[in-house]
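J.: The listed protein sequences derive, respectively, from chains P and Y. Each step along the first sequence adds one to the number in the working numbering, with nothing skipped, and position 83 is 306. Each step along the second sequence adds one to the number in the working numbering, with nothing skipped, and position 72 is 88.
Since the hints were derived computationally from the structure, they do not count as laboratory data. Built from N, CA and C at the ideal position, the CB exists for glycine as well. A hint or two may mislead.
Facing chain P, from chain Y, some residues (calculated, C-beta under 10 angstroms) [as the list claims (entries may be wrong)]:
(1) S137
(2) E140
(3) E160
(4) I168
(5) N186
(6) A187
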Amino acid sequence: MRYYTHMVGALIFYLTLNYLLNQVLTFTGIFLAAWMGLFPDIMDRLTNKHRGLGHSLLWLIPLTFTSIIHIQFSLALIIGFLSHLILDVFTTYGCPLLYPLRKFDFACLKRKNRIQTGTNTEKSVFIFLIFLLIPMLLMGTPLLHLIPIEGMATVLDSNPDHQQNNSSKPLNLNLNLRVDDAQHRNITLKQVDQNTVQVLILPLDEE
Amino acid sequence: MNIIPIRKLLDEGKNVMIYSQDVNDFYIHLKNEYKCINLYEPTPTKYKIIKCLKYLEPSEDINYSRLNQLELRDKVLDLVKNNTLILFFNHFDQLTFKSAQIYHSLYEQGGVLFICSFNSSFKEGAYHFYKTFTLLNKEEYEYETGKNEINISYTIYGFFSLMAFLIYLNASNLNTASLILGAAWFGLIIFRTLVYAGGRL
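Using the sequences and the accompanying hints, generate a full structural model.
T.: Okay, here's the thing in structure tokens:
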């Protein structure tokens, strides 16, 4: 598939997994996922063999090691890379996932139903993915707040995250208080099954 | 176009098969070195064997049409004797069981070799004859036809279904029982849609 389809595919996979794992969406993560969506083709360009080493699952080994440095960025890299392989599996000639250990291709669908690179079928897949990506980006990022249209608040309220905040359900909170002699007091608010929120309480005279 | 491996195979007395190429290109290169006949297509068999006979015995007064295919075959073998005759034709896939038998016996009796090409699957009856060939561009054939690939459609369908299941679970606000039921239903719908769109294997 062409680079633009891979980029969009990588972003969709990244946003989906980000949503499932309740991770904080960062611009760096988005950039890394999109870039990694092109990585196999770049590698193949360098090795001068299309659908060769760059399209191998062996790359997951060094990519997993990047989690030592930063787990969230590592996740973006892995998802971006895997998205490329998943999309290529749908193409006419498949993808050599075990290259160079095994040179045969892994493919999906019947041969006549597969997507040929650069054809109108691929373009239609790209457009479909774009239509999928736009609402995902709007809902998953603060981009929606930038659109100056009345009634967007209603759209926001339909978001399950916002509904939870406005609902009358009691919130389950674990409060860990650490009171020490220092001037600043740290309070950790941890909602069950949600992200931890750090609250810094300052003495009245400093406000 | 690499003629060297073809020459080597012919010298070893082996038939040569080429996937999806015109054998006429090879005929042009080899016609001065060997005794070659380009038949273009393998059928009708009788007409093609008569064409061979006319090449081997170019006298106009002989009428071959009264002879049957086996008699014509024997005549070709008599004329070839210890020499090597190379027959070229495309569309190996057009061979029937009977015509394949005639050509196969020409090869087995010695003296006649074949350089053929095919571009689609051929009949079961021709397989015994096909086994006498060496496929020259095997890698290209496997790449183009996907004979050597592994289909992981159901794994991919399952993966997308699981994703749909998890997204549904994450997005829903219902109680647990209906939530899991609905999520499983949603996941199965995605699986079924993919099977429908991608086709059963």
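J.: None of the hints should be skipped; say for each whether it holds.
T.: Results for each hint:
1. Hint status for S137 (chain Y) relative to chain P: violated, with the closest Cβ pair at about 13 angstroms, above 10 angstroms.
2. The interface hint given for E140 (chain Y) is violated, since its Cβ lies 21 angstroms from the closest Cβ of chain P, which is over the 10 angstroms cut-off.
3. Interface restraint check: E160 (chain Y) against chain P, minimum CB-CB distance 8 angstroms, threshold 10 angstroms, status holds.
4. Interface restraint check for I168 (chain Y): the shortest CB-CB distance to chain P comes to about 5 angstroms, inside 10 angstroms, so the restraint holds.
5. Taking 10 angstroms as the C-beta contact cut-off toward chain P, the hint placing N186 (chain Y) at the interface holds, the least distance being around 6 angstroms.
6. At about 6 angstroms, the closest approach between the beta carbon of A187 (chain Y) and any beta carbon in chain P falls short of 10 angstroms, and the interface hint on this residue holds.
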